[in-house]
Every structure is written in C-alpha cells, then in structure tokens.
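Starting from the known structure of chain W, fit chain D onto it as the hints suggest.
Just so you know, the protein sequences line up as chains W and D, in that order.
Residue 440, in UniProt numbering, is where the first sequence stops; the numbers in between run on with no holes.
Residue 440, in UniProt numbering, is where the second sequence stops; the numbers in between run on with no holes.
A hint or two may mislead.
Intra- or inter-copy, both count: the list cannot distinguish identical chains.
Unchecked claim - Calculated lysine to aspartate or glutamate pairs in the EDC-like style (CA-CA distance at most 20 Å, straight line):
(1) Lys197 with Glu26
(2) Lys296 with Asp248
(3) Lys296 with Glu210
(4) Lys111 with Glu26
(5) Lys296 with Asp355
(6) Lys384 with Asp135
(7) Lys296 with Asp193
(8) Lys218 with Asp315
(9) Lys387 with Glu138
The hints are simulated quantities; they were obtained by calculation from the structure and are not laboratory data.
There are 2 protein chains.
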Amino acid sequence: MTRPTPLSGFPEWLPGQQIVEQRFVERLRSVFELHGFAPVETRAVEPLDQLLRKGETSKEVYVLRRLQATPEDTSDEQLGLHFDLTVPFARYVLEHAGKLQFPFRRYQIQKVWRGESPQAGRYREFRQADIDIVDRDEVGLHYDYELPLVAAEALAGLPIPPVVIHTSNRKLAQGFYRGLGVEDPAAVLRIVDKLDKIGPDKVVAALVAEGLSDGQAKACLSLAEVVTPDASFVERVAALGVSDPLLDEGLAELATVLSAASELAPGLLVADLSIARGLDYYTGTVYEGKMRGFEKSGAVCAGGRYDNLASTGTDRFPGVGISIGVSRILGLLFGSGALSASRPVPTCVLVALPDEARRRECDRIAVALRARGIPVEVAPTAAKYGKQIRYADRRGIPFVWFPGEEAGAGEVKDIRSGDQAPADPATWVPPAEDLHPTLG
Amino acid sequence: MTRPTPLSGFPEWLPGQQIVEQRFVERLRSVFELHGFAPVETRAVEPLDQLLRKGETSKEVYVLRRLQATPEDTSDEQLGLHFDLTVPFARYVLEHAGKLQFPFRRYQIQKVWRGESPQAGRYREFRQADIDIVDRDEVGLHYDYELPLVAAEALAGLPIPPVVIHTSNRKLAQGFYRGLGVEDPAAVLRIVDKLDKIGPDKVVAALVAEGLSDGQAKACLSLAEVVTPDASFVERVAALGVSDPLLDEGLAELATVLSAASELAPGLLVADLSIARGLDYYTGTVYEGKMRGFEKSGAVCAGGRYDNLASTGTDRFPGVGISIGVSRILGLLFGSGALSASRPVPTCVLVALPDEARRRECDRIAVALRARGIPVEVAPTAAKYGKQIRYADRRGIPFVWFPGEEAGAGEVKDIRSGDQAPADPATWVPPAEDLHPTLG
Numbered sequence: 001m002t003r004p005t006p007l008s009g010f011p012e013w014l015p016g017q018q019i020v021e022q023r024f025v026e027r028l029r030s031v032f033e034l035h036g037f038a039p040v041e042t043r044a045v046e047p048l049d050q051l052l053r054k055g056e057t058s059k060e061v062y063v064l065r066r067l068q069a070t071p072e073d074t075s076d077e078q079l080g081l082h083f084d085l086t087v088p089f090a091r092y093v094l095e096h097a098g099k100l101q102f103p104f105r106r107y108q109i110q111k112v113w114r115g116e117s118p119q120a121g122r123y124r125e126f127r128q129a130d131i132d133i134v135d136r137d138e139v140g141l142h143y144d145y146e147l148p149l150v151a152a153e154a155l156a157g158l159p160i161p162p163v164v165i166h167t168s169n170r171k172l173a174q175g176f177y178r179g180l181g182v183e184d185p186a187a188v189l190r191i192v193d194k195l196d197k198i199g200p201d202k203v204v205a206a207l208v209a210e211g212l213s214d215g216q217a218k219a220c221l222s223l224a225e226v227v228t229p230d231a232s233f234v235e236r237v238a239a240l241g242v243s244d245p246l247l248d249e250g251l252a253e254l255a256t257v258l259s260a261a262s263e264l265a266p267g268l269l270v271a272d273l274s275i276a277r278g279l280d281y282y283t284g285t286v287y288e289g290k291m292r293g294f295e296k297s298g299a300v301c302a303g304g305r306y307d308n309l310a311s312t313g314t315d316r317f318p319g320v321g322i323s324i325g326v327s328r329i330l331g332l333l334f335g336s337g338a339l340s341a342s343r344p345v346p347t348c349v350l351v352a353l354p355d356e357a358r359r360r361e362c363d364r365i366a367v368a369l370r371a372r373g374i375p376v377e378v379a380p381t382a383a384k385y386g387k388q389i390r391y392a393d394r395r396g397i398p399f400v401w402f403p404g405e406e407a408g409a410g411e412v413k414d415i416r417s418g419d420q421a422p423a424d425p426a427t428w429v430p431p432a433e434d435l436h437p438t439l440g
Numbered sequence: 001m002t003r004p005t006p007l008s009g010f011p012e013w014l015p016g017q018q019i020v021e022q023r024f025v026e027r028l029r030s031v032f033e034l035h036g037f038a039p040v041e042t043r044a045v046e047p048l049d050q051l052l053r054k055g056e057t058s059k060e061v062y063v064l065r066r067l068q069a070t071p072e073d074t075s076d077e078q079l080g081l082h083f084d085l086t087v088p089f090a091r092y093v094l095e096h097a098g099k100l101q102f103p104f105r106r107y108q109i110q111k112v113w114r115g116e117s118p119q120a121g122r123y124r125e126f127r128q129a130d131i132d133i134v135d136r137d138e139v140g141l142h143y144d145y146e147l148p149l150v151a152a153e154a155l156a157g158l159p160i161p162p163v164v165i166h167t168s169n170r171k172l173a174q175g176f177y178r179g180l181g182v183e184d185p186a187a188v189l190r191i192v193d194k195l196d197k198i199g200p201d202k203v204v205a206a207l208v209a210e211g212l213s214d215g216q217a218k219a220c221l222s223l224a225e226v227v228t229p230d231a232s233f234v235e236r237v238a239a240l241g242v243s244d245p246l247l248d249e250g251l252a253e254l255a256t257v258l259s260a261a262s263e264l265a266p267g268l269l270v271a272d273l274s275i276a277r278g279l280d281y282y283t284g285t286v287y288e289g290k291m292r293g294f295e296k297s298g299a300v301c302a303g304g305r306y307d308n309l310a311s312t313g314t315d316r317f318p319g320v321g322i323s324i325g326v327s328r329i330l331g332l333l334f335g336s337g338a339l340s341a342s343r344p345v346p347t348c349v350l351v352a353l354p355d356e357a358r359r360r361e362c363d364r365i366a367v368a369l370r371a372r373g374i375p376v377e378v379a380p381t382a383a384k385y386g387k388q389i390r391y392a393d394r395r396g397i398p399f400v401w402f403p404g405e406e407a408g409a410g411e412v413k414d415i416r417s418g419d420q421a422p423a424d425p426a427t428w429v430p431p432a433e434d435l436h437p438t439l440g
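Bound-form chain W, shown alone:
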C-alpha cells in the first residue's frame, strides 16, 4: 500500500501527546470521583430517531449500515453515532431507571462524532468528558453551581491556561425578549448566540431582519453585553427597564448560582448574558467555559440545565450537566506548542543487553525493578553500548542499566548528566520526578 494520509477532522496524536491526553483524562476522572460521580459509558450508537429528536445537530449525524446488509435485511433499526453524551445519557437513564438511585450523579468520558464539513478546529471525532446530575421530577438548584465548580476544579489542576465559566440562564433571556414584545424569542437567542463570531453590528442587523425594531434589537444587544463577576448583573438588567415574570425567575436563579460560586470559588464563574447555547434542550442555567488566550476559539466546556430531555409519559428526569471538550482543549494547546510530556514513552530505565545469550538475566533485572513500580524495557538487540544509549536518548528514557559480570551486580547511568554508579535492582529507585513522564 502507499503511505496513508490523515483524514481531515479525525485528529490522531503522537504517543507523547497521547500521554498528555491520558494524564488529562485521569485528572478529570479523579476529581469527578472525589465528588461522588460514578462512571457510565453508553454504546457509540443510538437509534436515529432518538438522535434527531432534539436540537439542531440532525444534519451532523453519521448513519451506520452493515456492509453486507441486503435490501431485504430490515432487522436493523437505523443507527447513528452519538454526537454528544447528553442525549445518550438521557436515554440510558430512562432505560435503566429501575436499577439506578436518584439523584444520580454520573461522569462519562467518550468519543463523539459529528458528520460535519471539517474546518479549522472543527473535529468530526472528539473526546468529551461530561458530568451530570439527574433526579426524578425535580433537581435542586444548588447543582447549578456545583456542576460548573467541579468542572472548573478539575481543569484548574491541569497545566493549561485558566478557564472561566461564563454563565447565563435561558429564562432570563427569554423573559427579557418576551418583556420587550419580541415574537420569536428562540430565533433571537440563535442570533445573539453568534455575537462572539459576527460582532454586535451584524447581530443588530440580523435581529432587525428578523422583524425587531431598532430599539428592541439594541436592547437585546445591551442585555448580551452584561458581564459581571458576581450577582451585580441584576441591577444592570434592571436598568434596561424590561419586566416579565420569566425574566425575574431567571434573574433570581442566576443570582443564586453566582452568589454561591463567587463565595465558594471566586473568579471561576462569571455571569455573561450573551451565553445562549445552540442546542435547544436547555431550559435554565447555561454554561460556556473559555480558556484564557483562546477566547476566540469558542467554548472549551459547555452545558446547562435540561428539565425535559429525559421523560416518558409517566416519568420525568430533569438534570444539570457540563461537558468538557478534551480534544478541543488539547488540539488548541498542541497546536500552539503550549503543552507536552517530558518524554513520549513511559519507560524510566532501559536495561542494556551485553550479549543475546544474557537476555534472560536482563529480563530478571527488569522484573526486579518493575516489582517496585519502575517502568522498564530491555534493549531490543545486543548492539554496541553506544547504540543502546542512543536508543534510550531518542526516546527520552533517563536511565540505562548496565548488567555487571556477576548476576546481581550492575551500574546505572543517568544519560542526561552522564553520572554512573553501582546499583542493585532489588533496591535502586529513580528520583520521583523521573519515574513517570511529566506534563508541562
């Protein structure tokens, strides 16, 4: 075969980058578990009608067909790859409700797929890390600040630029538009959602084209321009002189969220009334996290409250969730050279091989070192020692172990400093910072 070429929109990392992603995911997982979130994985596919039930992403679905399926073969439902982890989770909750305890806290870290035309930064396959809490009938408002704070805590422990979670409330915006006398609040939301991309002038123009008066359009823009680090947005909105009961409800909910967040973790959340979120299943609080220095690249985490996503005729499971765009964050930071691992292999020690006949002895040195948690490889061939040291050097392996003439004896060399000293495989330990690759 000829040398294969990359597929646009399907990112693949080199091993050093994969080590970074692995550490990244471990950090998220560990913080999620510290907060009592249990792991869930859903299958990659959902029936197509489920995927098309909500939101505006229907055009982005990949549909599956069995290569050998015949026209008469109608046994398969139409299946599509999931495009997020919220819709599958809602289905999972309904399917397994009888075996779950509510409120149910879960995290889910998986790939999702969107069959869109790839552009810069737009992936067709990417990893998300979601946390959600769902409950029967009603889910407490305190989760509206708990969830983004857990996500922010998880991200804050990583060597990445700070992420601030911009927060708003659907009711606030919808009530405001209704109070203004706008006919189709959803259409306005969709236009205002583009503020970051198209700028204020084009937003006003699009709103006027939608049928709003100049005054209405400018009021919508003024609302979207309110950004405060605490609950002071309430006065800013009051000054705009619009009143509506849904607006009041949204203001009160968002004030509760911002007050708690600014007390518990100052600076991680801001109220930003431009935030709308495209998917239409959100019904209250909504989030978009932006990473410092990459604000123009869009949200690195996002979510909100959905009161109606998971329901049958008899059961309803409202929820609050937030999703971290793992691949998006990594793609941005790898792209700008801002994040890497100290070496592209886990190996800490290469055991040099003096002679192919002595491989078993070298294997035993490796076993002794591994028994104390030290990642070790034995050299692939009994090449000249210089070549074996280059093998380690090219991979960033910090130590080379030279077996002695007698079993048990030996020396270990730090190939960065050149220091070499006698060592016993049963007791030697590397400096803690060299044991595993580190991120930076």
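Frame of chain W; chain D shown alone:
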C-alpha cells in the same frame, strides 16, 4: 418518548459494573506502562479499502454515511468503523513512521465494532486492549514470548479466573500440511480452527470434503491434538512422521517461545497446535488465551506475529501483538455473577444536611475531606436524617458525616456497624479498604 429498550449486541453496564471495567482497564494500562508500552489511540474510522484489505471480516464492517450527504457530495472517502485495533495500528505506523522510534512499543485500549448478527456472547461493539511491538524490516523473536507474558501478567493481577495462553505457529501447521501433500493449507487451517466448536469428527469430515485423504485428515487432526506445557511438543510432532523445512522453522520458533515462557513464568503459556486464528495476517507465532471455567466460550485474548501487515513499496514493519477482549471477559464474568464492585459509587462519605441554610457549611466539610483524597457528596436535600442515611445505604456509601452545632465540630457514623464518633474534617481518614470501591 416510550421507555427505550436495549440494542442487541451493544452491551451497556450499570455503574457498579462500569467501576469494575474502569479498574480492569487501569490495571492493564499500568502493567503495559511498566513494560514501556506507550499509549496510542487511533480514530474510530478507516477508509473502507483499508478495512477490506486483509482477512475474512470484511462482511462485518459498519460503513458510515453523513445523514445529509447529497448524491453529488463525493468529497468523503468511504469510511468504516474499525473491527480490530491491529489494522488501524498498522496504518498509524505507516502514516507516522517518520515521527516514531523503532522498535515501537504501543498499547491501545479502545472500542471496536463488527456489524455481525449478534448471537449469545457476540458483541457488535466491544472494548479491546492491545499491545504490539513493530520494528523496521525485522522484529526479534524474543518478542514472541515477551508479549503474551505481559498480557498474562496484566490479567493475573485481576480477580478473574486464571487465563492460559495457548500458543502455536502458522509456519508449523502450514509446513506440516505441505509436508503431508495437502494442496490448500489455508483452507485446512480454517477448518482446523473450528475444532473447539465442531469437534474432531466434523473436522475430519470437513477435511475429507475439502479433498484430503482419510490419512491426511487424521494426521491434521493428530497435529491439532498436541498440547504441551513446554517444548516437548517437538517430539510429539516428530512422531507424526511428516517433514518439511517450513515445519522445522515453525517448530524451532515455537520451541524458543515455550522454553523461555516456561522458565520465566511457568504455567502461563502452553503449546497448543490446534490454534490457527481466523484472520489471515498472521505469519508465525499465534496466541489464544482461554479463561478457566470458560474454555468453551472462546478466546479472551488473541494475537500473533504479522510480518507483512504494515508495508509500503519501500518500508516494511513486521510486528507481534496480542489483544485482550476486555468486554468479552467482563460479559462472561458479569453474566455468571462472578465479578462485582463493593459499591456502585465512588463516594466514601455522605455529608448529611441538617438544614438547607447550612449547605455552604456542609460544602466546606466536603472540601476539607476531599483535600485528603476522600470521595464525598453532600446530601441532595435537608430531609430527615433517617432518609439521608437510607440515601447512603442504598448506594453502599459506608460513612455519613453529621455536622455539629458549631462549625468544625461533627460526628461520623459507619452505617454498617452503627458506630458513631466525633471527628474533625481536617484530619479524619476512613479505613484504607473503604476509601474506594473494591472488586471481588
């Protein structure tokens, strides 16, 4: 919507089972890294022509199409979901060869998909954990025993029945058939591969139907019945009186593998000359791991040496690999009730909420406990304490924390024993065995 129902062939675990899978994967990952394998993930899709290039699984591929693709939309190559991790890895090696160091050791733990008719135990979506070593032009024979021993070591640390890796060599069987005067050794391999499923009589009948004489068919069966814990299979084969240079090469290679394995880790590998492996990219050593008590359920890990899978006109990267069927092992053990987690949530402590107004205080207790790595939730509502204790009990959360009247004071109750004692959130630690869910 109505209550959703499961999709046949797409297993989904409950959270307690997902915790088991998570631990399982962490164990594999940690052993793989101890042996210097670096992580790789490939995209879920490959160009269809790549997937159909080798082997007999072409009929099992899921092909993708964008839902909104138009007939004129020919920009997309035909893409299919990968059905294993070896074919994508071979493509990855060729694509990124210039940026990798050889020999290249990688592990890869991902879902794969096969669009087959689901039967008992046959999954359409499942997780595999693969390790492979590839090198330029040639890859050392010592990897043929290193790889299965790493897989066996990883599995041996899990609370599952022992896995024995049955090992053979394609050259041995093919040389034997050629020495017998059989015309199509590949066809014979495919029939003998079914020995476990259809039994010796049907194998002989199928071989005769293929054109073999009765004597040839019985000799093929005799070869397949050779199983030894060490290199003594060599004499057993010699006694069958067939000679061929390729047979001798296969015998020598397999003897090297078995001698080393029986010295380094007695009992983990056996020579089993019935092993053939269906996929036709293997060229030498082949493996099939069987789990005690589940031998009839087929291989729980499998692999082999492939000298020709990854090559362009100018470059060739032979390799050796083995793949652990994570979903298959879990499915078998969950199905027989033989493996579970001690609780279905990570939470070790539930902080009881005396009054909604005191939530912030309870949040701070949780923060203090989490700072020392203890997984904690705060109760969802200020229900009566009896109800809050039931919340913990239903989830298997071992401890409930009752905030005192004064900030900082409080008591912690082990709800299994009923023991309750004053405790300080800044210093209290649970018994080590209660900190995280355990497997059993």
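Hints, one by one, checked against the model:
Proximity of Lys197 to Glu26 under the C-alpha cut-off of 20 Å is found in neither arrangement, the shortest distances being 33 Å within a copy and 41 Å between copies. With identical chains, the CA atoms of Lys296 and Asp248 are never at most 20 Å apart, being 31 Å at best within one copy and 66 Å at best between copies. Proximity of Lys296 and Glu210 under a CA criterion of 20 Å is satisfied in neither setting, with 26 Å inside one chain copy and 67 Å between copies. For the homomeric pair Lys111 and Glu26, the shortest alpha-carbon distances inside one copy (15 Å) and between copies (18 Å) are both at most 20 Å.
Within a single copy, Lys296 and Asp355 get their C-alpha atoms no closer than 57 Å, and across copies no closer than 43 Å, so neither meets the 20 Å cut-off. When the C-alpha separation of Lys384 and Asp135 is checked against a cutoff of 20 Å, the pair qualifies only between copies, where the shortest distance is 18 Å, while the shortest distance within a copy is 65 Å. Taking the shortest Cα distances, Lys296 and Asp193 sit within 20 Å of each other inside one copy (14 Å), while across copies they are farther apart (57 Å). Taking the closest pair of Cα atoms, Lys218 and Asp315 never come within 20 Å of each other, the shortest separation being 42 Å inside a single copy and 64 Å across copies.
Taking identical chains as interchangeable, the C-alpha atoms of Lys387 and Glu138 lie at most 20 Å apart only when they sit on different chains, with a minimum of 17 Å there against 66 Å within one chain.
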